[in-house]
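Protein chains in written order, with my numbering: chain A, 1 to 325; chain B, 1 to 325.
A few of these clues could be false.
Stated by the list, open to error - With a cut-off of at most 20 Å between alpha-carbon atoms, the simulated SDA-like pairs for lysine to any residue come out as follows: (1) Lys-243/A <-> Lys-167/B; (2) Lys-167/A <-> Pro-281/B; (3) Lys-167/A <-> Lys-243/B; (4) Lys-243/B <-> Ser-289/A; (5) Lys-167/B <-> Lys-186/A; (6) Lys-167/B <-> Ala-47/A; (7) Lys-243/A <-> Lys-243/B; (8) Lys-167/A <-> Gln-89/B; (9) Lys-186/A <-> Ala-47/A; (10) Lys-243/A <-> Ile-227/A.
Don't read these hints as lab results, they were simulated from the structure.
2 protein chains.
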Amino acid sequence: MQVVITGGAGFLGQRLARSLLKQGSLPDRSGQLQAISKITLVDVAAAAGFDDARIEQVTGDITEHALLERVITPQTAAVFHLAAIVSGQAEADFDLGMRINLDASRLLLERCRSCANVPRVIFTSSVAVFGGVLPAVVQDDTALNPQSSYGTQKAIAELLLNDYSRKGFVDGRVLRLPTISVRPGKPNQAASSFASGIIREPLNGQPAVCPVAPDVRLWLLSPRKVIASLIHGYTLPAEAFGKSRTVNLPGISVTVADMVAALERVAGKQVAARVEWVHDPAIDRIISSWPGAWDASRATALGFTGDAGFDDIVRAYMEDDLPAA
Amino acid sequence: MQVVITGGAGFLGQRLARSLLKQGSLPDRSGQLQAISKITLVDVAAAAGFDDARIEQVTGDITEHALLERVITPQTAAVFHLAAIVSGQAEADFDLGMRINLDASRLLLERCRSCANVPRVIFTSSVAVFGGVLPAVVQDDTALNPQSSYGTQKAIAELLLNDYSRKGFVDGRVLRLPTISVRPGKPNQAASSFASGIIREPLNGQPAVCPVAPDVRLWLLSPRKVIASLIHGYTLPAEAFGKSRTVNLPGISVTVADMVAALERVAGKQVAARVEWVHDPAIDRIISSWPGAWDASRATALGFTGDAGFDDIVRAYMEDDLPAA
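The following block holds chain A by itself, in its conformation from the complex:
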């Protein structure tokens, strides 16, 4: 059982790899558990801290056909395609976003198509495929109407993955991720970076800026549940998906004010006071175009689960990621 993770040196990629190493096996096409013999992490740089013989690290440009040919082979059973240019950066550098979020996804699908045993491809999409005038709760069949280049590129890759799956070229699964909170590490160029920063930085004794109004509503999922969903998305048989390979994952719907209130309940007034409110119209425009909640009944019926509440998400971050005091 060989697994490929693009964006494998990123936060989700590394965490997924560690979970798979720990779990040790995955079901094959016939549902039989098979030991994982190799996990290839593909990224622009190598991840540090892996000393497991099952881990292979390949660095390079995933828009290069030769690299894809090397890492995805007829022995590959699963491709977790996580590599992406994040929303803020894809808006600032249109061509880079097109190259990585669209061209690389298509090349990857083409490489999978050329393999005798087509792998399962688990692709992470985003709330950003929605936008414009939205219902209070977005449904699985709400129209794609992205208001950013990132959302456009993700929506296009969703369509490709569905058509490639319908044609039998790959066995694809598209998981639309809620905004992930709390991401560990440093802020990134995602428009939603603050949704982790306003919890993470205060817990690490640092000030944090919130660029959107307190009543802006977000749809959130914790890193723990993202990893569990990726693995569950691989495990489901193709037939379970019916006519659409795209699933809106369950999240929790909270306002930014709710998030800071939860931080105060879990970590105290002094910590929550480290959040500063400085409005940024460019970020607010992107974030406000995303849905604050969606109907996740299809995902739930398929066995995906979300978080219990934001207080739990804050505690999970403290357990998993906060450096020991």
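Let chain A serve as the given structure and place chain B on it in line with the hints.
Chain B only, in chain A's frame:
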């Protein structure tokens, strides 16, 4: 005022060119009427029968950058992008469909982006972007859920045109065409080819095969109204479109049985009896995934108009296209 028509030697391209030559002018960005000095027809072959100095014919492959660079210039005010691989052919030859319906559209948008004065790009999309479980009447915001490679490629081009327009790289307008009936000429590889054939062939004294059940419902527009809609789509100011450049054009909703009944009313029992019913599951699967009606209130508010009824469409074909007896 210079105009480019891709697929310019096709039936719609030629008819559009003749209408523009007759009309003689189009409004520029500021709304001032300008004489049309050049119409470039781009296609794989030249169209016959044009002897007007304003017509330039360029033959070649529109996925070639050099060709696009030659035909689209900073002097180009309008690009009618009609070139496409039709539904049946795109399903049979996936790679050809991707190359013409997706890659060529993207290259064309990139070429327009590189021009100092970005042209208006009028792109024809299709009912085929919809599919799966549909409401009785499809709305403007019904989810894209194509069940064919053609529909997938059109949906992707729609998304690109919207994002390129939002970024100011082009001034795009996406017109979702109902199924066109009655097309003149020969059957083609579109899954919907029969929707013209069952009227055209009997009127020309030939037998015709209907591959779908009599109760299959179609959403139809006549060639006359398509041409008027393309020109109107160019004429509207960008601001009229708001947050989406995509418009569902008005059609009429009729069953295949209704169409044959109209043929009988207009041309007689003997003519209508030339339709033979031979079910083709592959065509029925594609056609039945398309909506039989959609809400056209946005298009109507924007000034687009459809046909009065199918009897009129049959008569219009007889007037415009039927060889004199």
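Evaluation of the provided hints:
Proposed proximity of Lys-243/A and Lys-167/B is contradicted: the alpha carbons are some 33 Å apart, above 20 Å. As the CA atoms of Lys-167/A and Pro-281/B are separated by approximately 17 Å, the hinted pair is consistent with the 20 Å bound. Under the criterion of a C-alpha separation no larger than 20 Å, the hint pairing Lys-167/A with Lys-243/B is inconsistent with the structure, at around 33 Å. Distance restraint check for Lys-243/B and Ser-289/A: the Cα-Cα separation of roughly 11 Å lies within the 20 Å cut-off, and the hinted pair is therefore satisfied.
A threshold of 20 Å between alpha carbons decides the hint, and for Lys-167/B with Lys-186/A the separation of about 29 Å lies outside it, so the pair is violated. Straight-line distance between C-alpha atoms of Lys-167/B and Ala-47/A comes to about 35 Å, which puts the hinted pair past the 20 Å bound. Between Lys-243/A and Lys-243/B the alpha-carbon distance is near 29 Å, which puts this suggested pair outside the 20 Å criterion. Restraint check for Lys-167/A and Gln-89/B: satisfied, since their Cα atoms lie roughly 14 Å apart, inside the 20 Å limit.
Straight-line distance between C-alpha atoms of Lys-186/A and Ala-47/A comes to about 16 Å, which keeps the hinted pair within the 20 Å bound. About 25 Å separates the Cα atoms of Lys-243/A and Ile-227/A, which puts this hinted pair outside 20 Å; it is violated.
In terms of the numbered hints stated before, the structure departs from hints 1, 3, 5, 6, 7 and 10, listed from lowest to highest.
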